[in-house]
Amino acid sequence: MSLSTPESVQKLQTALHAKAKESPNFRFHALYDKVYRKDVLVYAYERCQANGGAAGVDNQTFENIEAHSRERWLDELTQELKSRTYQPQPVRRVYIPKPDGKQRPLGVPAIRDRTAEMAAVLVLEPIFKADLQPEQYAYRKDRSALDAVRKVHKLINTGHGEIVDANLSSYFDTLPHAELLKSVARRVVDRAMLHLIKLWLEPPVEETDECGNKRRSTRNRDAGRGSPQGSPISPLLSNLYMRRFVLGWKKLGHEKRLKAYIVNYADDLVICCRNRAEEALVTMRDMMTKLKLTVNETKTRVCKLPEEKFDFLGYSVLQKHTDKEFIMN
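Just add 138 to the spot in the sequence shown (first one is 1) and you have this note's numbering.
Bear in mind the hints are in silico, worked out from the structure with no lab data behind them.
Yeah, the Cβ is synthetic: ideal placement off N, Cα and C, and Gly gets one too.
Hints may be right or wrong, so weigh each one.
What the hints assert, rightly or not - Restraint ranges, calculated between C-beta atoms of paired labels, are given here: (1) Val232 <-> Glu435: 25 to 33 Å; (2) Lys236 <-> Glu446: 21 to 29 Å; (3) Tyr233 <-> Ser454: 26 to 34 Å; (4) Ser454 <-> Glu214: 45 to 53 Å; (5) Tyr233 <-> Arg165: 36 to 44 Å; (6) Gln225 <-> Arg165: 41 to 49 Å; (7) Lys352 <-> Lys442: 49 to 57 Å; (8) Thr199 <-> Arg395: 52 to 60 Å; (9) Asn434 <-> Glu214: 41 to 49 Å.
Said to hold, decoys possible - Calculated cross-link-like contacts (lysine-lysine; reagent style BS3-like; alpha-carbon spacing at most 27 Å): (10) Lys388 <-> Lys320; (11) Lys320 <-> Lys267; (12) Lys428 <-> Lys292; (13) Lys236 <-> Lys176; (14) Lys279 <-> Lys336; (15) Lys428 <-> Lys389; (16) Lys157 <-> Lys336; (17) Lys397 <-> Lys289; (18) Lys157 <-> Lys389; (19) Lys352 <-> Lys289; (20) Lys352 <-> Lys336; (21) Lys430 <-> Lys397; (22) Lys292 <-> Lys388; (23) Lys336 <-> Lys220; (24) Lys292 <-> Lys442.
Go ahead and model the full structure; you've got the sequences and the hints to work with.
Below, the structure written as structure tokens:
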């Protein structure tokens with residue numbers, strides 16, 4: 139189901155992005171009231187409906203909402219947000235298999251919470267789009283995994299054949315709340331909006347065991363870490379926090395000093411170097427520690443082409459037999 143953004147929402151997003159791009163240090167005040175604006179909330183609901191997905195802990199489905207008056211349902215959500223009585227429900231945790239045989243935890247918020255989060259994304263994304271770095275390729279409308287692969291291919295074929303092939307451990311589950319909210323507050327000083335984001339970072343998580351027993355935990359709130367992977371706002375927040383690493387790499391002079399160039403896609407990243415990959419790996423580890431993130435050592439290594447090959451976003455990088463060019467298979 140393809141949706142076009144309503145003209146009024148486009149106008150709002152264009153204005154927010156233009157201001158953010160024009161004034162890199164500008165901090166936005168009045169954003170919260172945009173989240174429950176009728177055109178924004180209706181479009182957010184339609185986006186969530188188009189994405190589909192299972193019901194949350196309240197077992198409410200889109201079919202239920204449509205059958206009992208979508209307009210009334212949206213009016214109730216609007217009033218909760220407007221009166222600031224809105225509280226997100228617990229997130230239902232499910233597990234999906236990963237290619238390596240392990241399981242990836244996903245959080246399934248209730249539809250009302252998905253809709254509210256999507257509305258916030260519609261407001262915040264144009265602002266942070268101006269700040270995300272060109273090395274970041276995940277969860278962006280004008281970029282894709284294939285674009286990231288092509289960038290790596292270009293770097294390798296211009297002499298950057300020593301690769302730091304890196305991955306972060308449980309990136310979404312370990313995002314530090316205090317530091318992440320500071321990243322948001324660099325642009326957003328609307329306290330109601332910041333409070334809303336904090337609520338979405340800290341919901342109880344409900345799991346059902348093999349016997350059908352339900353158990354709830356407050357791990358995210360207690361640990362001060364994690365953003366439910368599967369919630370609409372998590373991709374934006376994860377990109378925003380990763381920006382600190384990507385931008386820091388350049389501002390601290392590591393890119394220039396090591397001739398080492400980052401290509402990042404969510405929790406996967408490669409650093410393409412001319413000849414100092416081991417040093418780049420040590421530097422990357424140190425930076426991630428300071429950001430309170432953990433490098434997945436079992437999936438992180440230095441790869442030296444053409445003797446070795448590595449995989450990135452489903453593609454294998456290796457040298458053609460006929461010449462010195464490297465290809466992505």
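Each hint tested on the structure:
The hinted window of 25 to 33 Å between valine 232 and glutamate 435 holds, with their beta carbons roughly 27 Å apart. Checked against the given bound of 21 to 29 Å, the beta carbons of lysine 236 and glutamate 446, roughly 24 Å apart, stay inside it. Hint check: tyrosine 233 to serine 454, Cβ distance near 28 Å, so the stated range 26 to 34 Å holds. One distance hint, 45 to 53 Å for the beta-carbon pair serine 454 and glutamate 214, holds here, with the actual separation near 51 Å.
Between tyrosine 233 and arginine 165, the C-beta spacing of about 39 Å keeps the proposed range 36 to 44 Å intact. Range check, glutamine 225 to arginine 165: about 27 Å between beta-carbon atoms, so the 41 to 49 Å window is missed. Checked against the hint of 49 to 57 Å, the pair lysine 352 and lysine 442 passes, with Cβ atoms roughly 50 Å apart. Distance hint check for threonine 199 and arginine 395: the Cβ-Cβ separation is about 54 Å, which falls inside the suggested range of 52 to 60 Å.
Distance hint check: the CB atoms of asparagine 434 and glutamate 214 are about 43 Å apart, consistent with the given range 41 to 49 Å. With a C-alpha separation of about 20 Å, the suggested pair lysine 388 and lysine 320 falls inside the 27 Å cut-off, and the hint holds. Only pairs whose Cα atoms come within 27 Å are accepted, and lysine 320 paired with lysine 267 is accepted, the gap being roughly 17 Å. Taking the CA atoms of lysine 428 and lysine 292, the gap is about 30 Å. The hint is violated against a cut of 27 Å.
A threshold of 27 Å between alpha carbons decides the hint, and for lysine 236 with lysine 176 the separation of about 39 Å lies outside it, so the pair is violated. Between the alpha carbons of lysine 279 and lysine 336 the distance comes to roughly 25 Å, so the proposed pair stays at or under 27 Å and holds. Under the criterion of a C-alpha separation no larger than 27 Å, the hint pairing lysine 428 with lysine 389 is consistent with the structure, at around 15 Å. The suggested pairing of lysine 157 with lysine 336 holds, with an alpha-carbon distance near 25 Å, which does not exceed 27 Å.
Restraint check for lysine 397 and lysine 289: the C-alpha separation of about 15 Å stays at or below 27 Å, so the hint holds. With a C-alpha separation of about 24 Å, the suggested pairing of lysine 157 with lysine 389 holds against the 27 Å cut-off. At roughly 45 Å between alpha-carbon atoms, lysine 352 and lysine 289 are farther apart than 27 Å, so this suggested pair is violated. The hinted pair formed by lysine 352 and lysine 336 meets the criterion: a straight-line CA distance of about 25 Å does not exceed 27 Å.
Of the supplied pair hints, the one linking lysine 430 and lysine 397 holds, its CA atoms being roughly 25 Å apart against a limit of 27 Å. Note on lysine 292 and lysine 388: the hinted pairing holds, with a Cα-Cα distance of about 19 Å set against a maximum of 27 Å. Restraint check: the Cα-Cα separation between lysine 336 and lysine 220 comes to about 17 Å, which is no more than 27 Å; the hinted pair holds. Distance hint between lysine 292 and lysine 442 is fulfilled; the C-alpha atoms sit about 16 Å from each other, no more than 27 Å.
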